[in-house]
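J.: As you go down the protein sequences, you meet chains A and B in turn. Numbered per this note's numbering, the first sequence finishes at 649, counting up by one with no gaps. Numbered per this note's numbering, the second sequence finishes at 1126, counting up by one with no gaps.
Just so you know, the hints here were simulated from the structure itself, not pulled from any lab data. Using N, Cα and C, we set each Cβ at its ideal position, and we do this for glycine too. Don't take every hint at face value.
[As the list claims (entries may be wrong)] Now the in silico label distances, taken between C-beta atoms and shown as ranges: (1) B:R1110 to A:G219: 46 to 56 Å; (2) A:V333 to B:R1024: 56 to 66 Å; (3) A:V333 to B:A1039: 36 to 46 Å; (4) B:A1039 to A:T329: 53 to 63 Å; (5) B:L1112 to A:M216: 43 to 53 Å; (6) A:A250 to B:A1039: 17 to 27 Å; (7) A:K204 to B:D1091: 22 to 32 Å; (8) A:K204 to B:R1075: 47 to 57 Å; (9) A:Q318 to B:K1023: 53 to 63 Å; (10) A:I341 to B:Q1027: 37 to 47 Å.
[Unchecked claim] Chain A side only, calculated, beta carbon under 10 Å to chain B, not exhaustive: (11) H19; (12) E20; (13) T23; (14) G30; (15) M34; (16) E37; (17) I115; (18) D117; (19) A275; (20) R276; (21) A279; (22) E282.
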Amino acid sequence: MSSAASESLTGSEVAHLRHELRTPVNQIVGYCEMLLEDAQVPQLAHRQATLRAALDAVREATALIDSALPPTSATIGKDRIVSLYESLHAPQTRIIDAMSGLLNARTGDADAEFIADVCRIRDAAERLLPTDRPREESTGSFPLPAAVSVAPSAAVGSKPGRAANILVVDDVEENRGVLQRRLNREGHAVTCASSGPEALHVVKRHAFDMVLLDVMMPGMDGYETLQHLKESPDTHEIPVIMISALDDIASIVRCIERGAEDYLPKPFDPVLLRARISACLEKKDARDREREYLRDVMRVVAAAVAFERGAYAGGSLQEVSQRTDELGTLGRVFDTMIAGIREREARMRGQIDRLREEIADVSDSAMSESDEFPEVLLPGATFADRYTIDRPIGKGGMGMVYLADDLELGERVAIKTLRPELLTADETAIERFRNEIRLARRIAHRNIVRTHDFGKADGVYFVTMEFVEGTTLRAVLDRRGHLSASAVLAIAKQLAEALRCAHDEGIIHRDIKPQNLLLDAAGTLKVMDFGVARLAEMTSSLTQAGMVVGTPTYMAPEQLLDESVDARSDLYAAGVVLYECLTGRPPYEGRSPIALIAKILHEEAKTPEAVNPDVPHAVSAMVMHLLAKDVTTRLQSAGALAEVLSGLA
Amino acid sequence: MKRILLVEDNALNRDMLSRRLAKRGYQVDLAVDGVEGVAMARATTPDLILMDMSLPLKDGWEATMDIKADPLTTRIPVIGLSAHAMDGDRDKALQAGCDDYDTKPVELDRLLGKIEALLGRSTQAG
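Working from the sequences, and respecting the hints, build out all of it.
T.: Set out below in structure tokens:
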């Protein structure tokens, strides 16, 4: 007591002392009354007199305290305190004697709880007065049954916590022993360290759920030890509860600021200790669960990123998939989805391989055909001040195609010259065509030949585009007649993807046919002439009958009837191409364009499987769906076609 | 069974009072400081709270003010308990929002009377 040496106590010191004295008194009263209530049954009536005597004594003590320390804020002289202590000695002795009597005289009826309560009363009485003499052991001279504990009885409402692995750090051996025993009793595994350095050594070698850390230790004190624990990435997650006799706010603040989870003042209250440890472990478990969740989220994200880069090896979500929450569902769905995609990719690879085998010995025969149109550009010549012409590589309904070096960009390009009569209409037609090319330039897809530019030089209109080394599907079909269903599916899937991309951009090809489909050595299909077909269509009214965009073989009924043309017309053309690939001939053939058009408009084609029994029924049905004359009953989009194809083996 | 939350930092007082109340048929939940007391009040919404005034982390006056300021717990009657028994303690407790006040050492019959009076009132009100 800091002011014991002074002559008087201030009002607040009086209040404090009053509280200190009344606390054990209160406990003695409470326990005595409780035991007296229990002693109302006849077999325990012999305890009543002793308990009443103790109650009388404690009430006398209460009266003495109230008298000496009235509930006012007045200052009280030290002599009055000394006098109070002297007067309290007698009731204190009577209480202790009464409890000793009960303990010595205990009979077979004395249960463990009764003995523990009597010990509590006796201990409270001993705390009533400050004493300079060494305190007796709490069990005093009254040996107790081993099962009896003087700790508060199993508290009402208390809950057992989970067992934890706890490191106790205290320089005082007795303190470590007490804590270890108490924590062991709670079911925790305890390791002890007697100094900060020892704690730092031990904590890195075992996985601890928590550290109980004394503040005042010689050498490295608790603050410094705490700081080391919180600075190390290996240990900073371990919750630390500080235990110290220092119960001032500054110490608590200092510890919390340095990362302590909680703080317990010594001498620690067992219930408080249990509650704090339990709360601390719950928080740690919640943090661990949160960390695990975030780790699993990152696994899913990493898998998605790896998949997008084409580097997902699979299997990394096995642990996540075992979770029972939504994240587990996500993991399972992701893995199933990836497995499905993998399977489709493998199938696609097989189909492409088949296609490669079947086109391996085909070279483009286009140039071997007699020239229908004269060459307008000569090899070696510079064209449009930008391109050096290499050689002619193809010809089509609209003009010649040349391989050239783009001197400006330093890359090889294909230059398609356009027949002059297609563009002699008027400036409006040319402007519309220019717009068409501008739109087509927007399409960037691995299955579409990139359109670069449209221009006019030396009186020649031309379109430049990506150069693809390969052969046209026309050449392949001319050489092989037809292809296997597997190779046709490889073509169909790539064609569907190309059309989906263009249609999504609002661009219709209008002239899908084998001549416009290029295949490179790897089996990659590329659709060319997006935007170009529009030129022929725009000028068709100026052309003579029979010159309408080359052949009508691949044209949809609505296109032939000059009705509105949309993406579904491209799908019809795709159907004709696939039909031809499967059977070696188009669905309709006629001796003249007029006869052919009549068949397209009015006749039902044989199914591919009727023409070639090797064609699987599902593939045949898919082609017939594309060939529906009524545009509304046809497959409605390239996306829908891709969907159907993904389901075909 | 009526549920009482006893907020008391002293282990023996907590043990003794909770056992005596349990013997009288109350279900007693325990909290060891003001912070835990407020949290428990929110979590269990007991029928009544016995609040010691001298508590660590957050004292009984502050805890009572928090409980009375929270719409979830404002209707729970609180009896303040203190061994101080200084002049002004009672008024201070009532000002903090305590519905009643009692001094330690607890006279159980007197405290039970206060508890029953408040529980009766709270039952009618509720």
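J.: Taking the Cβ atom of V333 (chain A) and the Cβ atom of A1039 (chain B), is their distance within the range 36 to 46 Å?
T.: holds (39 Å)
J.: Does the closest beta carbon of chain B sit nearer than 10 Å to the beta carbon of M34 (chain A)?
T.: For M34 (chain A), the interface hint holds, since the closest Cβ of chain B sits about 5 Å away, which is under 10 Å.
J.: Does the Cβ-Cβ separation between K204 (chain A) and D1091 (chain B) fall within 22 to 32 Å?
T.: Distance hint for K204 (chain A), D1091 (chain B) is violated at roughly 56 Å.
J.: How about H19 (chain A): closest beta carbon in chain B under 10 Å, or not?
T.: Holds, about 5 Å.
J.: With chain B as the partner, please determine if R276 (chain A) meets the hint condition of a C-beta pair closer than 10 Å.
T.: With a closest approach of 8 Å, the R276 (chain A) hint holds.
J.: Against the range 47 to 57 Å, how does the distance between the Cβ atoms of K204 (chain A) and R1075 (chain B) compare: consistent or not?
T.: For R1075 (chain B) against K204 (chain A), whose Cβ atoms are near 52 Å apart, the range 47 to 57 Å holds.
J.: Regarding the hint that E20 (chain A) lies at the interface with chain B, is the smallest CB-CB distance below 10 Å?
T.: holds (9 Å)
J.: 17 to 27 Å was suggested as the range; check whether the CB atoms of A250 (chain A) and A1039 (chain B) agree with it.
T.: Hint holds: Cβ distance 25 Å, inside 17 to 27 Å.
J.: Would the hint on A279 (chain A) be counted as holding, given a Cβ-Cβ threshold of 10 Å to chain B?
T.: Holds, about 8 Å.
J.: Falls inside 46 to 56 Å, the C-beta gap from R1110 (chain B) to G219 (chain A)?
T.: holds (54 Å)
J.: Tell me if the beta carbons of I341 (chain A) and Q1027 (chain B) are separated by a distance inside 37 to 47 Å.
T.: Hint violated: Cβ distance 58 Å, outside 37 to 47 Å.
J.: So, I115 (chain A) near chain B? Judge it on the closest CB pair being under 10 Å.
T.: It is violated, given that the least Cβ distance between I115 (chain A) and chain B is near 15 Å, above 10 Å.
In this structure, the hints that do not hold are numbers 4, 7, 10, 17, 22, in rising order.
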